[in-house]
Amino acid sequence: MTAGLRRHLRIVVYVVGSLCRRWRKNVAVVSVYGLVIFTLASVVFLTQSLTQESLATLRAAPEIMVQRLSTGRHGLTPMGDVATLARIAGVQAAVPRLWAYHTDPAIGEMLLLRVPEGNGPREHEATAGAAVLRRRAIPVGGVLRLQSHAGEPFNLTVAGVAETLTPLESAALVNVSEAAFRTLTGTPAGQATDLVLRVRNRRELSTIATKISESQPAARPIIRDELVRSYTSVFNWRSGVIIAALLVPVLAFILFAWDKAAGLSPDERREIGILKAIGWETADIILLKFYEAVAVSLAAFVLGSGLAVGALALPHPFAVLPALLGWSTLYPPFRPTPALGAYQMATLFFLAVFPYLVATVIPAWRAATTDPDLVMRT
Amino acid sequence: MWLSRSAGFFVLVALLLALGLLAGLDATRRQSAAETRFAANRALARWFVLTDPCLFTEARYTRHPSQADHHSAFQDYPLALEHFPSGSLVLAPAHVTDLSSRGGDARADPGSGRQ
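If you're matching them up, the sequences are chains A and B in order.
In terms of this note's numbering, the first sequence has 356 at position 356, counting the first letter as 1, and numbering is strictly consecutive.
In terms of this note's numbering, the second sequence has 14 at position 14, counting the first letter as 1, and numbering is strictly consecutive.
It should be emphasised that the hints constitute simulated quantities derived from the structure, not laboratory data.
Watch out, some of these pointers could steer you wrong.
Stated by the list, open to error - Non-contacting residues of chain B with respect to chain A, defined by C-beta distances greater than 10 Å in every case (computed):
#: 1; residue: Ala39
#: 2; residue: Arg60
#: 3; residue: His71
#: 4; residue: Glu82
Stated by the list, open to error - Taking beta-carbon pairs under 10 Å as the criterion, some of the chain B residues facing chain A (in silico):
#: 5; residue: Pro53
#: 6; residue: Tyr61
#: 7; residue: His70
#: 8; residue: Ser72
#: 9; residue: Asp76
#: 10; residue: Leu81
#: 11; residue: Leu91
#: 12; residue: Ala92
#: 13; residue: Ala94
Think of the CB as a built atom: it goes at the ideal place given N, C-alpha and C, for glycine as much as any other residue.
Construct the complete structure from the given sequences, taking the supplied hints into account.
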């Protein structure tokens with residue numbers, strides 16, 4: 001073992017002893033510090049998770065969707081529009097879609113009814129997301145009780161578990177037949193919820209959208225890539241607003257840290273003086289304080305970010321979620337898939353650890369460079 | 001003549017208290033002056049059968065929360081997450097979030113895909 005390494009090890013042993021001696025102060029600092037990191041980390045992690053969640057759903061969405069507007073609201077699309085839109089140059093095919101939200105009258109939860117393309121369920125059958133069935137304790141082969149548009153009870157036999165891409169889909173999706181859909185929602189025959197267009201060349205999307213708007217002023221083309229951009233920016237905006245609102249507790253913590261870490265207590269000053277008097281060098285003392293700060297800030301970082309990751313496993317993690325989700329809290333509770341990027345972790349680490357190191361090491365350096373006799377006397 | 005430090009402190013506190021009081025009086029005066037304008041606005045709202053003040057102009061459901069239902073924010077595509085900035089500032093009102101009213105809402109508009 002080299003002499004340099006032995007010196008570091010000995011200082012670390014001293015640091016452990018010193019931290020244990022002042023355990024009350026250190027536990028208080030780590031708890032408050034950890035709480036601040038937990039709050040910031042929750043916002044950062046949730047933003048990332050929700051962005052990924054929405055992008056995962058969108059990735060499966062068609063490139064361009066066309067909806068009808070009626071009195072400023074989303075209206076139903078006549079099937080006749082299929083032929084008109086399919087004639088636009090660049091459009092390979094126009095496919096009508098049937099989907100609608102449905103409130104389960106029994107428990108008041110929102111479900112998504114969808115008629116899948118191709119082989120869907122038979123008339124009085126349905127397939128549902130795993131979480132939908134789990135929440136209602138309905139086994140495959142059991143009965144899903146809903147209410148028709150006319151207010152009559154409408155029962156569907158669960159034929160299987162629907163394949164889902166995201167936790168939200170699993171929590172809300174119910175696939176039904178076209179006949180069941182029309183009975184449940186009151187959508188008249190010959191009308192669809194919206195249309196999706198298959199386009200060969202992605203560069204033509206905006207031209208096609210312009211053509212649709214010009215030829216059918218009541219139609220609203222929605223381009224998927226624009227939605228992707230909207231989602232990314234809105235979640236960033238929301239997390240920015242929340243972090244701005246959190247600045248007050250963060251500033252309060254900085255004051256607290258300054259008081260606890262920067263303002264060396266008389267005991268600590270005396271300790272530094274004694275260490276200097278018995279032969280420690282300034283560099284050793286700075287190293288000592290550095291290791292102390294690293295231990296405290298790493299403990300707080302691991303505690304805070306660990307709690308934040310753990311909290312992601314809760315259905316509605318904590319108070320910051322409604323502000324990030326906005327009106328999406330109306331959906332049944334779902335656990336956003338944890339998505340932790342290296343970038344987010346690195347940013348959080350830098351924000352959490354670096355200021356504390358500076359706040360601790362600089363006053364220790366000041367105390368260590370003064371005369372030991374003077375330090376002990378003051 | 002120089003005031004002593006303690007006297008200076010009390011003068012400062014008295015000055016700040018007086019300013020606070022004046023601000024309160026000013027707010028009351030403005031409030032009563034605005035009452036005429038409020039009355040005119042109320043008459044206008046009754047005349048046009050307006051529902052609620054429009055605080056945000058971007059999304060339909062945050063523009064007039066009283067007219068929102070619990071499907072209106074998710075109409076872009078199936079299971080769309082709500083994505084207007086004002087959605088986190090105007091949270092869903094009680095008549096939308098209240099579970100007991102959802103059944104009633106479902107009968108009125110069973111989520112036919114319409115906003």
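Item checked: Violating hint indices (sorted, rising) -> Violated hints (numbers, rising): 2, 3, 4, 5 and 13; every other hint is consistent with the structure.
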